[in-house]
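Could you put together the complete structure from these sequences and hints?
There are 2 protein chains.
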Amino acid sequence: MLAEIITIGDEMLIGQIVDTNSAWMAQQLNLIGIKVKQITSVSDDAGHIIEALQLAEKRAQVILITGGLGPTKDDITKLTLARYFNMELRRDEATLNHVTALFERLKRPMIESNRKQADVPDGCEVIQNKNGTAPCMWFEQHDRIFVSMPGVPFEMMYLMDEEILPRLKRSFNLPFIVHKTILTANLGESFLAAEIEDIEDSLPAHIKLAYLPKLGQVRLRLSGTGTDEALLHEEISAFAAQLVQRLNKYVMAEEDIAIEKAMLNLMDQKKLTLSTAESCTGGYIAHLITKHPGCSSVFKGGAVAYAYELKESMLGVKHATLNTYGAVSEETVKEMALGALEHFKTDYAVSVSGIAGPDGAIPGKPVGTVWIAVASRKRVIAKLHTFGNKRLQNIERSATAALTMILNELKQDED
Amino acid sequence: MLAEIITIGDEMLIGQIVDTNSAWMAQQLNLIGIKVKQITSVSDDAGHIIEALQLAEKRAQVILITGGLGPTKDDITKLTLARYFNMELRRDEATLNHVTALFERLKRPMIESNRKQADVPDGCEVIQNKNGTAPCMWFEQHDRIFVSMPGVPFEMMYLMDEEILPRLKRSFNLPFIVHKTILTANLGESFLAAEIEDIEDSLPAHIKLAYLPKLGQVRLRLSGTGTDEALLHEEISAFAAQLVQRLNKYVMAEEDIAIEKAMLNLMDQKKLTLSTAESCTGGYIAHLITKHPGCSSVFKGGAVAYAYELKESMLGVKHATLNTYGAVSEETVKEMALGALEHFKTDYAVSVSGIAGPDGAIPGKPVGTVWIAVASRKRVIAKLHTFGNKRLQNIERSATAALTMILNELKQDED
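Residue numbers (UniProt numbering), protein chains in the order written: chain X, 1 to 415; chain Z, 1 to 415.
Keep in mind that the hints were calculated from the coordinates and are not lab data.
Possibly wrong hints are sitting among the right ones.
Unchecked claim - DSS-like, lysine-lysine: derived pairs with alpha carbons at most 25 Å apart:
no.: 1; chain 1: X; residue 1: K214; chain 2: Z; residue 2: K291
no.: 2; chain 1: Z; residue 1: K411; chain 2: Z; residue 2: K378
no.: 3; chain 1: Z; residue 1: K107; chain 2: X; residue 2: K365
no.: 4; chain 1: X; residue 1: K365; chain 2: Z; residue 2: K291
no.: 5; chain 1: X; residue 1: K390; chain 2: Z; residue 2: K261
no.: 6; chain 1: Z; residue 1: K35; chain 2: Z; residue 2: K58
Here it is, written out as structure tokens:
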């Protein structure tokens, strides 16, 4: 079963918006055994939209369309869909009522462009969009299913979760697809590949291994397709176990989760608490952690100590330490971690101080110099990293390195 | 002049990776007057790649390809490109030397899959990739330019900036394209559209207006194409001035920058300092700010006070206040902002306390309830927001609302 995703909107093609919808949709489709053949972004242009629909229809049986349904003038998607399916536009009563109720609830005046949101091609099935004003439209033609959804991510996600995915599952007799992901850190893609070459070569044709690298991390993903779900799970688990055993110390999680979530899970399980003391990462580590619901059982809080004074007042770093060794030093970063441990009363604390760039380099400490420390009741350790010269990348790599360092400390404390 | 972007890699189609490359590339191409007609993501499959190249070649003159050049086995891009252009693969001496030097510098052993990275279709121009091992390849055929680049974002970005964009500029005689973006907040897309309908209707055919909405913000982007650059700038500026005058209080910036950057610029200009006191946003506001180089002139740091105890110890929130009114209350959020102002010694402080969800709702305070306060030497104000039930969205909307609130306070202090 193949699907294609078509995103409509000039905002994608001028690069003002990153298409995060398609990746999410692809993930969800994969989970129910529908493979995405192609993702296509086209402009708000009738001819181009029609060409994309025609080509997608040749390659796939499910065509999911997002975008082009906003209330502003440049939106021509509905007219084009009507033309493609040889339908007229009609004003849908249920949608108009829904839009009207929404505006009344928000106590906002309604204008004609809002009412026009209720226009749909006469012949599609209208699925109400509870989170917005643009309706979702389901078309069936030539044994294909076409669904047009709004491009606003949370509106699309809700519609997919609640309506589209369940309907697709009911519409097709799908084969089983089983994925298993292993999160590794601290070893590059080619070295991982060399380490596990024999395991990879022994995989049967219906099981594939993908390498999904990200700064400092590589995800290994086994994917199997078949008709016997239990057997598939068994096979995939056996190969996963081989990979985990071989890569042992590089394995951070045996599921497809973020590295900070792996850390949260392990700490939660051990009933340990954590605080952060961030300088160059500027709150990014705390943000990564607090993205996850339920993090408060582990994470108590932290300091974003950007200025010298705040390193002293919030974390108790000694003035003399900062003066003698500088903010980016083993001594400072250790005092930051110990200060967080003490002031925020947690079992573990992690601290980061570095030169994210592009400015700020000093003799002997180029941009990309980052010190990271982890303190626990048992010890405090610090490590120097030399990353590159890109600010955002340095922030991200520092965060990954810090989280990896906590995970390694937790594992070591287990031994 | 039209371009197309083709991204190769199953990781995109299974949704493990969000395609951020294409948006960035599209932005850069737009800036030099090359319009992106389509963005296509295809699988690591020779037939599919060839079909995508053939179709792209019909629609555009520049075809930029990213991905599919990693050292692991599933990478077939180079073989497919060789087939498409009817070339043989050869091992490129310069690339091999570069890869070898890189491995020596990193003191890492080299394996055959690393050496194979130096294989290129015989007939393309090889452009050295200083940041990685996969070479960049430039092909010319049928009056079209094809460029294959690695998919690792910073490798691709460096190659685009330093090599590809300058070469494209030299290869074509491009028309001028001028963009002007106005960042607005606090007014929805359809209301903005209604407010400025007459201005939009008066735009000449060569100037277009796009609405680029994001949670709580809408960017208005004027784009003009023509041969007289000075005249274009003048026309666009005149229309932009009309829009700014009409939308006055909703305008946060008259350039295409992030809202936190607009705030940083204004505060830097006024020589004001800022600190943060975050609960439910968990460091996200600090992260947004510290993404920007040079932010330290304004931003001193802040507290991520997730736990009650840290709200007291870091920010001096009174135990009685927390006990009486709860963490998510006007009283607490005001004390948090005032505490940050005092403890971190800044001119302004912003605080956020809310229920990001999905759990944590209490009677009278559903998920999405968020209090935000801004304190300055003059006053402290607080505002209640009722967002939705999605955690990440609540965090992002809270941050946008907090930044908008600071900007409005700054503007008010100007009056």
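Results of checking the hints against the structure:
1. X:K214 to Z:K291: holds (19 Å)
2. Z:K411 to Z:K378: holds (14 Å)
3. Z:K107 to X:K365: holds (21 Å)
4. X:K365 to Z:K291: With a Cα-Cα distance of about 20 Å, the restraint between K365 of chain X and K291 of chain Z holds, given a limit of 25 Å.
5. X:K390 to Z:K261: This hinted pair holds, its Cα atoms lying about 18 Å apart.
6. Z:K35 to Z:K58: holds (15 Å)
The earlier numbered hints are all upheld by this structure, with none contradicted.
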